[in-house]
Amino acid sequence: MNDRIHRLISAAQAGDIYPKLLKVEYDEFDQNLSSPQRIAKRLTEYMEAQPCAFSDDNELVGLIRFDGSVEAALFPRTGHRFYRSVARFAEGRTDFFGNPLTFGNLTGYHPHFAWHGANTKATPDGRVAGSAFLFGGGQAGGKDRSGLTSLLLSVAHMDPTGVMCGNSIFNLSVDERIVTDDASFEKLVLLVETYFKEGGLHIQLNHVSVEELRAAQKNPDAYKSVRVRVSGFSAYFVGLKESIQDDVIARTDHLV
Amino acid sequence: MTDSTQSQNQMPTAIVFDIERFAVNDGPGIRTVVFLKGCPLHCLWCHNPESQVQPPEILFSSQKCTACGRCAAACPAGAHVISKGIHLFDRSRCIHCGRCVRACLSGALELAGRSMTVDEVLAEVLRDKPFYDNSGGGLTLSGGEPLMNAPFALALLRGAKEAGLHTAVETSGAVARETLMEVAPYIDLWLWDVKHLDPACHRVLTGGELAPILANLEALNARGAEIVLRRPSIPGVNDSPDGLAALGALAERIESVSAIDIEPYHPLGVDKARRLGRSQKEYPFPPKDYVARICTEVARHTRKPVRPA
Chain X
1 MNDRIHRLIS
11 AAQAGDIYPK
21 LLKVEYDEFD
31 QNLSSPQRIA
41 KRLTEYMEAQ
51 PCAFSDDNEL
61 VGLIRFDGSV
71 EAALFPRTGH
81 RFYRSVARFA
91 EGRTDFFGNP
101 LTFGNLTGYH
111 PHFAWHGANT
121 KATPDGRVAG
131 SAFLFGGGQA
141 GGKDRSGLTS
151 LLLSVAHMDP
161 TGVMCGNSIF
171 NLSVDERIVT
181 DDASFEKLVL
191 LVETYFKEGG
201 LHIQLNHVSV
211 EELRAAQKNP
221 DAYKSVRVRV
231 SGFSAYFVGL
241 KESIQDDVIA
251 RTDHLV
Chain D
1 MTDSTQSQNQ
11 MPTAIVFDIE
21 RFAVNDGPGI
31 RTVVFLKGCP
41 LHCLWCHNPE
51 SQVQPPEILF
61 SSQKCTACGR
71 CAAACPAGAH
81 VISKGIHLFD
91 RSRCIHCGRC
101 VRACLSGALE
111 LAGRSMTVDE
121 VLAEVLRDKP
131 FYDNSGGGLT
141 LSGGEPLMNA
151 PFALALLRGA
161 KEAGLHTAVE
171 TSGAVARETL
181 MEVAPYIDLW
191 LWDVKHLDPA
201 CHRVLTGGEL
211 APILANLEAL
221 NARGAEIVLR
231 RPSIPGVNDS
241 PDGLAALGAL
251 AERIESVSAI
261 DIEPYHPLGV
271 DKARRLGRSQ
281 KEYPFPPKDY
291 VARICTEVAR
301 HTRKPVRPA
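Protein sequences appear in the order of chains X and D.
Using the working numbering, you'd call the opening residue of the first sequence number 1 and step up by one each time.
Using the working numbering, you'd call the opening residue of the second sequence number 1 and step up by one each time.
If you're looking for bench data, these hints aren't it; they were derived computationally from the structure.
Quick caveat, the model's predicted, so the values are computed rather than measured.
For glycine and all other residues, C-beta sits at the position ideal for the given N, C-alpha and C.
None of the hints are false.
List of simulated lysine-lysine pairs, DSS-like, C-alpha gap at most 25 Å:
1) X/K224 x X/K241
2) D/K304 x D/K288
3) X/K197 x D/K161
4) D/K129 x X/K197
5) D/K161 x D/K129
6) D/K64 x D/K84
Label pairs and their calculated CB-CB ranges:
7) D/E178 x X/F96: 55 to 63 Å
8) D/S61 x X/S150: 24 to 32 Å
9) D/P55 x X/T120: 44 to 52 Å
10) X/F185 x D/C201: 34 to 42 Å
11) D/H42 x X/F185: 33 to 41 Å
Away from chain X, derived, C-beta distances all over 12 Å, residues of chain D:
12) C68
13) A79
14) H96
15) R114
16) A184
17) Y186
18) G207
19) L250
20) R293
Construct the entire structure; sequences and hints are all you get.
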């Protein structure tokens, strides 16, 4: 079931299918379910019962969006138990290289970060109470002051096992000039290489200029092909919600 | 009590106005550039006018000022005065203590330059050592004229070499010969400014003499240093065909010169000068292909690489 949802999401992001938004209805009995397996079974039944159209390339043309409030009610009973069971599995196990296993939450959808943020008070990084969490590790918009090397070292040196969900995502926005100039690009490569050598786990680079993104906001039809990486996936910029667009723009743009 | 000059030599300090990490245009690899205040020249196009004078200076942005008077209340020297709703700043009274900068809530005041010891600077520079190691980068000393403060420069460069860093210096060459020879063993790469090769023009444009600079260049050449000539190319000022030919010829003549870097002019300094209470001439902003054209022209007169900086 996860694999199909994943493929649906990718296809929807690529513009290959036009998703229908359905709301998952839980009746009182479901909400009181304490077993994650029963919830999952109920969800599968629900999804397979949905009316759907078929195209030659896609199995299913439909996308289910989960209302955050429903998730909230279920989370203590399902999400927590799910994570605890994964944590128990990972404990003491190592990967091929002998590093302890870590696991992360790769949802990457703004409603999730908004919901969690809405339920969290102010945090020491300067984030105000109630505002959305940041996509992944790294700088909050405009908060890093010491430049790229300092930022990369900070993220690389974070202990991924110190936080239950791990530090799985790190977005970096660099000015387009760093990738259009050969000499600068070479240095960007060395920068990223050093980041991984220092313990960095993951990095995503955006290199669209801020001017282009702002222009795309004003005139989306002319910028249909501009792709940016948001946490965990690539997306057509003009297809993103305005709040995510603003976030991609606000992410510190390192000029070289 | 130790003698003050003796302790100065043991723990030299300098007025540092910037430390720029992830610098990619100031030598090979990924580098950190340390900018020292003070310069014997005052080039009319200077990108860092806050570097020209050695003591710390206050930059004041009148458009950010709300005339709230907090600076006046904080200033021990009476340099800030609010009169009829207007903020007056008497620089002659300023002792650059920085209290007004801390008091200002609108960010209208900045202090350029603070005193740092060699150890403090080195500690900051060494934070990026993994990047230097992986890219063949290191420390670049710049300013102003970093070699004006010889004891500090020497101690810092020595410390950098001891830590295994590649070192580079951006210099005007307008320094004492003894200083050059003293620091030379600790410098891997010289980035040597050549502003103008006509002595009279050089005097007018930079306030300094050309001949001693060229003599220093030849002395370094005799030592076999690695030198890159740097030309800040200012439209209409030092980019005549004759001038560019002379630059190419210089590179040919001085064996140790490995390349010429052409830097385009940018009116960065104009606003900074204004905020320092000075005025600076604004030259025309060069068109996009300007640096490429200058490189091509200079390259006609030398076999050595001529590249955009």
